[in-house]
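Chemist: In the order they appear, the protein sequences are chains Y and H.
Counting from 1, one number per residue, gives the positions in the first sequence under my numbering.
Counting from 1001, one number per residue, gives the positions in the second sequence under my numbering.
The reader is advised that the hints may include incorrect statements.
Stated by the list, open to error - Keeping only pairs whose Cα atoms sit at most 30 Å apart, straight-line, the calculated DSSO-like set for lysine-lysine is:
#1 Y:Lys183 to H:Lys1273
#2 H:Lys1230 to H:Lys1207
#3 H:Lys1166 to H:Lys1273
#4 H:Lys1174 to H:Lys1273
#5 H:Lys1126 to H:Lys1207
#6 H:Lys1207 to H:Lys1094
#7 H:Lys1126 to Y:Lys183
#8 H:Lys1230 to H:Lys1273
#9 Y:Lys183 to H:Lys1031
Just so you know, these hints were derived from the structure itself, not from any lab.
Since this is a predicted model, take the numbers as computed values, not measurements.
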Amino acid sequence: MAQTTEAPVAPPPRADERVGQKSALARLFARPEAGAVAGAIVIYLFFFIIAPPFRNASSFSTTLYVTSTYGLMATPVALLMIGGEFDLSAGVAVTSSALCASLFSYEFTTNAWVGVLVALALSLAIGFINGWVVVKTGIPSFLVTLGMFFMLQGLNLALTQTITNQVASPDISTLQGFGSAQKVFASSFTVGGVNVKITVIYWIAWVIIATWILLRSRIGNWIFAVGGSAPSARAVGVPVARVKIGLFMAVGFMAWFTGMHTLFQFNTIQSGQGIGNEFVYIIAAVVGGCLLTGGYGSAVGAAIGALIFGMVNQGIVYAGWNPYWFTFFVGALLLGAILLNTYIRRRAEAAV
Amino acid sequence: MLRSPRRAIGIALLMILPLVLAACSATGGKKAAQGGGSTSVAAGHANTQRYTIAMITHAAPGDTFWDIIRHGALAAAAKDNVTLKYSSDPDPTKQAALITDAINSHVDGIAVTDPNPAALCPTIQKARAAGIPVTMFNAGVGNWQQCGGQQYFGQDEAIAGEAAGKRLAAANAKHVLCVLQETGQVQLEARCNGVQKGLGSAGTMSKLYVNGRDNAAVLSGITAKLTQDKTIDAVLTLGAPYAIIATQAASSAHSNAKIYTFDTNAELISKIKSGAVQWAVDQQPYLQGYESVDSLWLYLTNGNVLGGGVTVLTGPAFIDASNVAAVAKYAAAGNR
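Okay, chain H solo, but in the shape it has when bound (with noise of 0.2 Å):
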């Protein structure tokens, strides 16, 4: 142990400062990044009346997923002359908060996820009731109409999981791990007996719980999985980082399970490139927070209502090798 911190601070400061002046990377990094063109979304500017939009969600800090869905949201905010006020909290009490403070300040739409039903349709309706448009998105599939939701943009879960399930079945998977990332979550525990159902009597699904905030615990947990049951021959994670964390543990359990996936980020993308990861069920996060933006301020410009009561549905669809070209530009700008 050093005698004083504050030396000590400075010796690392000083051997820092020379190496940051004369040790840049050949390869990867930003620079290597900025080579190809602008990839945002832009298509021109409205010229309505400035509106004011509440974007409330069930998104866990940090999360890729909703991370995608946002930038969706914002492009059409900044395409419709809106300005859009993100918020969200996993914790249903906290999200019902957020959302009466959104009706508290008047906003001229309210665009929200409703994991809960039964703990957020009551404010979502006092939204509804105090004039405020509400499109319904991502989560709350079964109720959203009673909500008091105009058009809910998302895909099925359970249809999502039964068409994953199929395909899995057609690619002759017998013992499917299906790997949840949080426990006591109804969309995702609806993935997995969708998988099961769509399996039908060609295989099997277990279901596997690990720590999604922990990527040594989720290695791990995995790695424990497939050694414990060696008839595992499919690893289905309900998250793309975990999807690249499910390589990693096959290969440290001798395992020959195969990779596959709901959801992307842009290294999955380029996981499903390689080969390491073989498909991923795509909803489409970005369409979600681009149409509930886009909806409501077509409502509030022209009146307009899409899906004709019904649910608008953005997924599932599937990514592997035959497309995934197309997608992989898209993703490294974080919009798929």
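Excised from the complex, chain Y in its bound form (with noise of 0.2 Å):
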């Protein structure tokens, strides 16, 4: 990383620092998920070598698919993250959004798909109300999406209760309709002797499409600016208002997407689900590189995150370890990450 400084060549003229080139190495340690790629392929190679049946590739498609339930709400998280704002309703809202679905399309007796409708307009809804109190009131989202976070953990178990008599939601799965939704979100396909599960395809067709907004697409440089600085984002025509509503739109609409196939994979659904994964999206899109204080970060790098999280998750079952140290290793390994990404990114500024 350091050797541009060590060409023993004479000083060129002095340049604007701004334009100034960057070494190509220094250039990739620069990317936000560069830490994390690090700290992925580490713990990786670490679970390949300790546990044998982490190597079998059925095995590495059961972590795939356990990540991809977090990775498809990481990438929205991630976004937001980027814009600036927190939602830590996120959990929770993918369990409203797979009771809705279901207690609608339950006791209307309609096809699956009305139900899956309903819970899509609920979730864009549930967002957008995140969104605009965010906007409107200039309350930190910390706040408002926490008193959203309980508002709905309550909700979920109150209506359930209410309008079932139970606290899980009735099977639908003979419903009209639900086989062709469990095709859409919940079935699987086998590549060369291996079951992968279509939720692996879609988290990586998701984290491509907000790649190509962040980087490629106008929304993509608002989304920068919105969560760099509002104010000058503002100044600069940006309609912040507009971006945050849609990032928590978006998350809305992903909480939907994997309450679906929660709800197409199980058929039924206890209230009181969900609740704690709100931090593992955070901490999936924080060790992935993004910041807490907005404007930096990646789609990939959250994707990469998840990825961390899933590995860690399944190879201390695969490693046959004593499952009481669990959530210290995974904290352990999850703060080793952010350490790392944070080391490389300042070798990396300060080499330039």
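Take each chain as given, in its own frame, and dock them per the hints.
Modeler: Here you go:
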């Protein structure tokens, strides 16, 4: 990383450092996801060596599945963080959406797809309310979405109890349209003898779309600008309110998508589920290089962050370790990944 | 991305409207379920004085098992002319606070679970000191007399585990995977340890901990374990929803392991019917909730105490292919 400073040639006339050339390596390591990639490789090799079952393609496919269920949500959460906001309601919002679809189509005995679309409307509305309150009041999104987190948690339980007189949603697998919805949201296919869940494909696709939006579209520029400094962004004509509300609604959209997967994979939903996952999404985004202050990060980074979490989650089972250590190892590995991330970024920035 | 979020919502609503009007399902759903008669337990109505009974449990919100207990308690309350105040918190300090709330509001009786005697016993004793009769159930089988309970309804988890272990040994299980949906819960540990005791030298038991609040994590955790250890020929889950996920895990891990479980819910009963799950250990949670309220009512109105100072066992009973048909209609109503 420091090779550029060792060049023996006479120093060229001083140029403006803002337009100076960085070395290819420095540019690579200055990318938000560089630390996460390094961490992911280390963790992969670690479990590859100590846990023989981890080496099977089918085991890795299982790891990718659990990763994708986190990664689908980590993608919009990362965009939202780049835009300078948090969403603590993201974990329970997944369950809300799944419950909404299930209860609606069951209670009114409709085609399963009707419930799916009603749930989409609900999820987008939740995202809109989060964003609208944050934008209109200027209250930190941490607090607004914390309120939403508790409200949704209560609604999930109370409405399910009131409507069904039970705390889990009824089995909707006999409804018309269930089969086709299951094909869309929760099917799996076989590649070279390895069973792959379709969520893995969706996850990769959404990461690519999110990356394109961030790096190649005007909206991407707006997201970075809004997260970097909302007043400056507003001053140059960026529609700050719309961008932020749109980002919250993107989280809502993906909560719907993930919720539909959960519903059609498992047929019934327990109303207390999803709590705690909001932190997994945020951790994945932060490990992947998103700054808590906004304006910096990447969708690919969040994907790698989710992969790290998924690999540790599964690797400990494959290694056959005492599971009481699980959360400790998760925490230690994540903290390590963040430290590595920060260190590499500083070195890379210093080497310019 | 749409230009206006408001317009996006409008379009979404417009898309849904015609579908709602036109797209009813001819199969399944509530219409199909409403075919049968009423399955709720109803047995008259007492004309005794209106009492208030507080039921305080360590249930995690949204757990189907606890919902059955609550259904039992509500049925007894309706029959006994009792106002039931149900509350729960899995955190022992918060559960203790709920018990204190009940004492301070001078309820006529308290029904309480005790998963953590060290933390909860002192508070339960305060209820007794305040002259409030206490019935204990479900958790705390080792300490209920010292804590001041008049009677106890539940199953001894160690005995239930042992019974499950014996049945597994009889089914020729050599390596049982005991799946715990939460860490650090004594009653779950007691079940798994009991299983090992019941298996004796016939087989071994391994524990697997999964995050019970995330279905995908449960699925991938069990799949991973079944992939890692091909000698596992039996998966025993400690809650009905996890057994249903275990059936998916076994097929995606190409494992021939048979699925067994503790506790039941409506969907699990249908899985036993179809043969996907072999059997369930039933501790009759409905009975625990019902008896807890009813025994307090008997004490308040007639001075009765059940059990003669020893535990009244509500389980273990087994639900398998031979008796599942009899249980199914009650399960559908959320009572078994």
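Chemist: Is lysine 1126 of chain H within 30 Å of lysine 1207 of chain H, Cα to Cα?
Modeler: Violated: lysine 1126 of chain H and lysine 1207 of chain H sit about 38 Å apart, past 30 Å.
Chemist: Lysine 1126 of chain H and lysine 183 of chain Y were given as a pair; does the straight-line alpha-carbon distance stay at or below 30 Å?
Modeler: Between lysine 1126 of chain H and lysine 183 of chain Y the Cα gap is close to 57 Å, so the pair fails against 30 Å, i.e. violated.
Chemist: Compare the distance between the alpha carbons of lysine 1230 of chain H and lysine 1207 of chain H with 30 Å, and conclude whether the hinted pair is satisfied.
Modeler: holds, 15 Å
Chemist: With the threshold set at 30 Å, check whether the alpha-carbon distance from lysine 1230 of chain H to lysine 1273 of chain H stays at or below it.
Modeler: holds, 27 Å
Chemist: Is the straight-line distance between the alpha-carbon of lysine 183 of chain Y and that of lysine 1031 of chain H 30 Å or less?
Modeler: holds, 25 Å
Chemist: Please verify whether lysine 1174 of chain H and lysine 1273 of chain H have alpha carbons no more than 30 Å apart.
Modeler: Holds - the C-alpha atoms of lysine 1273 of chain H and lysine 1174 of chain H are around 25 Å apart, at most 30 Å.
Chemist: Quickly compare the C-alpha distance for lysine 1207 of chain H and lysine 1094 of chain H to 30 Å and report which way the hint goes.
Modeler: Holds: lysine 1207 of chain H and lysine 1094 of chain H sit about 29 Å apart, inside 30 Å.
Chemist: With a cut-off of 30 Å on the C-alpha distance, tell me whether lysine 1166 of chain H and lysine 1273 of chain H pass.
Modeler: The given pair, whose Cα atoms are some 22 Å apart, holds under the 30 Å limit.
Chemist: Given the hinted pair lysine 183 of chain Y and lysine 1273 of chain H, is their alpha-carbon gap at most 30 Å?
Modeler: Holds, because 26 Å separates the two Cα atoms, which is no more than 30 Å.
Consistency with the previously given hints fails for numbers 5 and 7, ordered from lowest to highest.
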